[in-house]
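K.L.:
This is what each chain is made of:
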Amino acid sequence: MQEAELHDLSDDADYAASQQEGSASMMRCYSSKLSTSSETEGAEIVYLKDNVAIHPTQYASERISGRLKLIKQGSTLFMTWIPYKRQSTNAKLSEKDRNLYTIRAVPFADVRSIRRHTPALGWQYIIVVLSSGRNRKLYTVFSWLVVYQVEQMTFDVACSTSTYDVQNCFSGLAFPPLYFYNGGVREFLTTIKQHVFLVRSVEDTNVFLLNDFQNPLQRTLSSLELPRAVSIPSMPSTPVLARESTSHENQERTDVGISDVSASIPQYNGRRRQKFHDPARDISIQVLEKFSFVTKFARETTSQLFRESHSNGFRPLERRKSNQSDDYSHKPSDDAEGVAVQSPVAPDPVEVYVCSLCQLIALCNNASAHLSMESVLGHGPTGTWFSTSIPGNLMPTSILVEQKVPYREHNRDGEAATNVGTFELISYKEFDKLSLVWGKPRQPPLGLEEWATFLDSEGRVVDSKALRKRIFYGGIEHKLRKEVWAILLGYHTYESTYAERKHQRSIKKIEYETIKSQWQSISPAQAKRFTKFRERKGLIEKDVVRTDKSLSFYDGDDNPNVNLLRDILLTYSFYNFDLGYCQGMSDLLSPILFVMEDESESFWCFVALMECLGPNFNRDQSGLHSQLFALSKLVELLDNPLHNYFKQNDCLNYFFCFRWMLIQFKRELEYEKTMRLWEVLWTHYLSEHIHLYVSVAILKRYRGKIIGEQMDFDTLLRFINELSGRIDLDATLRDAEALCICAGEKGADCIPPGTPPSLPVDNGLLYSQQDEVL
Amino acid sequence: MASCRRMLLKVIILGNSGYVNRKFSNQYKATIGADFLTKEVQYEDRLFTLQIWDTAGQERFQSLGVAFYRGADCCVLVYDVNVMKSFDNLNNWREEFLIQASPSDPENFPFVVLGNKVDVDGGNSRVVSEKKVKAWCASKGNIPYFETSAKEGFNVDAAFECITKNALKNEPEEEM
Numbered sequence: 001m002q003e004a005e006l007h008d009l010s011d012d013a014d015y016a017a018s019q020q021e022g023s024a025s026m027m028r029c030y031s032s033k034l035s036t037s038s039e040t041e042g043a044e045i046v047y048l049k050d051n052v053a054i055h056p057t058q059y060a061s062e063r064i065s066g067r068l069k070l071i072k073q074g075s076t077l078f079m080t081w082i083p084y085k086r087q088s089t090n091a092k093l094s095e096k097d098r099n100l101y102t103i104r105a106v107p108f109a110d111v112r113s114i115r116r117h118t119p120a121l122g123w124q125y126i127i128v129v130l131s132s133g134r135n136r137k138l139y140t141v142f143s144w145l146v147v148y149q150v151e152q153m154t155f156d157v158a159c160s161t162s163t164y165d166v167q168n169c170f171s172g173l174a175f176p177p178l179y180f181y182n183g184g185v186r187e188f189l190t191t192i193k194q195h196v197f198l199v200r201s202v203e204d205t206n207v208f209l210l211n212d213f214q215n216p217l218q219r220t221l222s223s224l225e226l227p228r229a230v231s232i233p234s235m236p237s238t239p240v241l242a243r244e245s246t247s248h249e250n251q252e253r254t255d256v257g258i259s260d261v262s263a264s265i266p267q268y269n270g271r272r273r274q275k276f277h278d279p280a281r282d283i284s285i286q287v288l289e290k291f292s293f294v295t296k297f298a299r300e301t302t303s304q305l306f307r308e309s310h311s312n313g314f315r316p317l318e319r320r321k322s323n324q325s326d327d328y329s330h331k332p333s334d335d336a337e338g339v340a341v342q343s344p345v346a347p348d349p350v351e352v353y354v355c356s357l358c359q360l361i362a363l364c365n366n367a368s369a370h371l372s373m374e375s376v377l378g379h380g381p382t383g384t385w386f387s388t389s390i391p392g393n394l395m396p397t398s399i400l401v402e403q404k405v406p407y408r409e410h411n412r413d414g415e416a417a418t419n420v421g422t423f424e425l426i427s428y429k430e431f432d433k434l435s436l437v438w439g440k441p442r443q444p445p446l447g448l449e450e451w452a453t454f455l456d457s458e459g460r461v462v463d464s465k466a467l468r469k470r471i472f473y474g475g476i477e478h479k480l481r482k483e484v485w486a487i488l489l490g491y492h493t494y495e496s497t498y499a500e501r502k503h504q505r506s507i508k509k510i511e512y513e514t515i516k517s518q519w520q521s522i523s524p525a526q527a528k529r530f531t532k533f534r535e536r537k538g539l540i541e542k543d544v545v546r547t548d549k550s551l552s553f554y555d556g557d558d559n560p561n562v563n564l565l566r567d568i569l570l571t572y573s574f575y576n577f578d579l580g581y582c583q584g585m586s587d588l589l590s591p592i593l594f595v596m597e598d599e600s601e602s603f604w605c606f607v608a609l610m611e612c613l614g615p616n617f618n619r620d621q622s623g624l625h626s627q628l629f630a631l632s633k634l635v636e637l638l639d640n641p642l643h644n645y646f647k648q649n650d651c652l653n654y655f656f657c658f659r660w661m662l663i664q665f666k667r668e669l670e671y672e673k674t675m676r677l678w679e680v681l682w683t684h685y686l687s688e689h690i691h692l693y694v695s696v697a698i699l700k701r702y703r704g705k706i707i708g709e710q711m712d713f714d715t716l717l718r719f720i721n722e723l724s725g726r727i728d729l730d731a732t733l734r735d736a737e738a739l740c741i742c743a744g745e746k747g748a749d750c751i752p753p754g755t756p757p758s759l760p761v762d763n764g765l766l767y768s769q770q771d772e773v774l
Numbered sequence: 001m002a003s004c005r006r007m008l009l010k011v012i013i014l015g016n017s018g019y020v021n022r023k024f025s026n027q028y029k030a031t032i033g034a035d036f037l038t039k040e041v042q043y044e045d046r047l048f049t050l051q052i053w054d055t056a057g058q059e060r061f062q063s064l065g066v067a068f069y070r071g072a073d074c075c076v077l078v079y080d081v082n083v084m085k086s087f088d089n090l091n092n093w094r095e096e097f098l099i100q101a102s103p104s105d106p107e108n109f110p111f112v113v114l115g116n117k118v119d120v121d122g123g124n125s126r127v128v129s130e131k132k133v134k135a136w137c138a139s140k141g142n143i144p145y146f147e148t149s150a151k152e153g154f155n156v157d158a159a160f161e162c163i164t165k166n167a168l169k170n171e172p173e174e175e176m
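Protein sequence lines, in the order shown, are assigned to chains A and B. As numbered in UniProt numbering, the first sequence has no gaps in its residue numbers, which increase by one up to the final residue, 774. As numbered in UniProt numbering, the second sequence has no gaps in its residue numbers, which increase by one up to the final residue, 176.
Isolated chain A, as found in the complex (with noise of 0.2 angstroms):
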């Protein structure tokens, strides 16, 4: 169907239009080169092309028509392709879209490589690589769509290559393949070759290359040695790219046709054997290649996800693992099956990005190879609604396009781009929903030495939020937790100095034993008559004696750790008579007493902590619904169709994730996991309510599973329950950090005010309910 109408010109009143204004305007033209070859400039039009045409979306008949021309200006050579001026007979293209796509002057310095795509049947096409360099920053916004066309069309590139120069992918770019209606490919490559440096490429007879024998980033490429990666796969449903895969086979047959172009540049056999083992170089222009093809097929298929992200029949992303990412390989192997479901999933609308650039991210660090790049589009009044920032070490640090930003449609880009040529592109309006972020790449744990840069000479924390930034990021080395989870809580406070430090640890020590000895005066012929008392004391043994037995801290039988804990809980039920002792509170404690060691500080780190979890245990259980509430409108906010999900399968009381909230991933993670995880929220970095995202992040990690396999609410708890210990807390953390930040003030809304964390709002009797057991 598809294939018909590629090939059906025949009604095509445009095409016929154009042929008229075509050869008018070829006159034009010659007259205009007869008048400029004698200007100082010495302008001149060495080569045009009528009805080359760009497709934005995947129907021929939507094509944009255009002129192509090769000019020379000095020494320069000059590439413009301006589409016809009249209005299209098919109302799907505005003036605008023709606009989006004129090429306007781009020197052939800026371009890398030239494919050629001359099938036997179908129309000739080239694919006009451009490298990196000067203009980058004009292209980045085009390069963000195409990085998305990518994931759709072609992911197995991210997928199944074990190293691709992802660089390139960020700092060239390929315009969109234009078609030659009236034929022409070879005489526009011959033109090129008798002005500019050109050869072919060994490694695909259908690859011209360009200028980039002298780059050196280049040289750096060539000299990784990268393995030679898979072909890219050619999608079905494309034609374009079905075609392609033709190339390709070309590309591993023998090297024919080389003569016509190469014979013509004499250095080009030395430089040959050189060039020979370098398939990096190869695979980017590929890869570059592949984003060609964003056009308004890309934009529409993205705002439909975007719009009605659900039933749409749109096939969800096969994230498929790529085992060479260890930064972010997003889904443990074991239930990578789950991932690939094929039942009809709907797709995760923030994860379409976040995971597409997550998946290049770590391909782009896996390359290693040396590029740095930075731009930042577009700061207008409204703010930054495009940014990037890779630094020279490849770290990538965020990466966001903000929502509700209106398209700026004069921006000093666009002026900077005039003497290389504007290539305008796609409309932001229709990415009101866009929202996209990367979260950044866990940093090592905080030491000691960098510890001490935070602290004056009297040790205080001179920038507090400086240093919750790097714990969040990071976390803290096990040896320094001591001092500085006593400072996260909020026992000491980020202005205290060693000496004040010093003597509150003292005057707390005393305090501590104070109340202790309120319950340790009670003799047994008192206990016997203070049931309340006997009962919590019951319990909290029960408890304590089957916390973390499995770690050597608090293993075997009449522990003195587990005494402890024994202690400072029973301690704190009178410090807290109101609140009592709650199953879960020895879980709370055990990794604070594990850090602290001292009885007295782990009490008072146990309170503070308390101040802010407290409300997790009322009676009526306010704090927990609190937080599963917002927990429900994040998801809705952030994942609608896993929402409408739960919704339909009467999960949105969000009970599968009470243990979760209780006690803060406690049973979840790993115990070194745990104590990471809580430091970084105790940061109160980005949101105080960060473990919402977190579980957000967790879920959405696990939506195609649950949707895919028809969990009901019994299962889904099960499910849930028994991914305790398989939670790549790295990875959940980068995509807390991206959710949050892509929730921004909309998320924020989600979360009622006082909800644990946050203190309550009302600040009369915390814990006033009744408890009649205990």
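One thing to keep in mind: the hints can contain errors.
[Said to hold, decoys possible] Below are the DSS-like pairs computed for lysine-lysine, each with C-alpha atoms no more than 30 angstroms apart in a straight line:
(1) B/Lys-131 to A/Lys-528
(2) A/Lys-479 to B/Lys-29
(3) A/Lys-85 to A/Lys-72
[Unchecked claim] Now the in silico label distances, taken between C-beta atoms and shown as ranges:
(4) A/Glu-511 to B/Ser-102: 46 to 56 angstroms
(5) B/Lys-131 to A/Pro-560: 22 to 32 angstroms
(6) A/Pro-753 to B/Val-127: 45 to 55 angstroms
(7) B/Asn-142 to A/Lys-647: 40 to 50 angstroms
(8) A/Pro-753 to B/Ile-99: 47 to 57 angstroms
These aren't lab readings, by the way, just hints derived from the structure by calculation. None of the values given here were measured: they were computed from a predicted structure. Glycine is no exception: its CB is placed at the ideal position from the N, C-alpha and C atoms.
Following the hints, complete the assembly by docking chain B onto the known chain A.
P.N.:
Same frame as chain A, now just chain B:
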């Protein structure tokens, strides 16, 4: 067709008896929220999967029952024969369950009562007599009663067979 009948039975265990599930779940941690384990039982030549739900023991978590008790086929009330209060609470647990689960026919919803830890101290520390508990069971519509020792595994299989039978009674001919 018997083979078409549902094979999964949801059983909720409630009570102040601490370790009742330990024998079956091998868990050494207090349950937070709720969790369940599955147990295969054979009854009348058919294999059933019992989904045995353990919920947080503390009363202040009872409000979660609304979600966790939903669709239960049988509720097992457990008490410690050595602790009078755990027996006294049986009535509360039963009523709380009926409120939270709101089964269609509360009068006839199948319960089973287990008197646990009969092995402790050779039975010398026992404070709840069999007579007393059986009287209570009779008053609540002849709830079946078993004395078990989860630690020794005593009578546990018989108890589960009964639980299966009663759970099936709740849904006599439900087809898949």
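K.L.:
Evaluate each hint against the coordinates.
P.N.:
Tested hints:
{"no.": "1", "hint": "B/Lys-131 to A/Lys-528", "result": "holds (27 angstroms)"}
{"no.": "2", "hint": "A/Lys-479 to B/Lys-29", "result": "holds (28 angstroms)"}
{"no.": "3", "hint": "A/Lys-85 to A/Lys-72", "result": "holds (24 angstroms)"}
{"no.": "4", "hint": "A/Glu-511 to B/Ser-102: 46 to 56 angstroms", "result": "holds (48 angstroms)"}
{"no.": "5", "hint": "B/Lys-131 to A/Pro-560: 22 to 32 angstroms", "result": "violated (45 angstroms)"}
{"no.": "6", "hint": "A/Pro-753 to B/Val-127: 45 to 55 angstroms", "result": "holds (49 angstroms)"}
{"no.": "7", "hint": "B/Asn-142 to A/Lys-647: 40 to 50 angstroms", "result": "holds (41 angstroms)"}
{"no.": "8", "hint": "A/Pro-753 to B/Ile-99: 47 to 57 angstroms", "result": "violated (31 angstroms)"}
Going through the hint list in order, the structure does not satisfy hints 5, 8.
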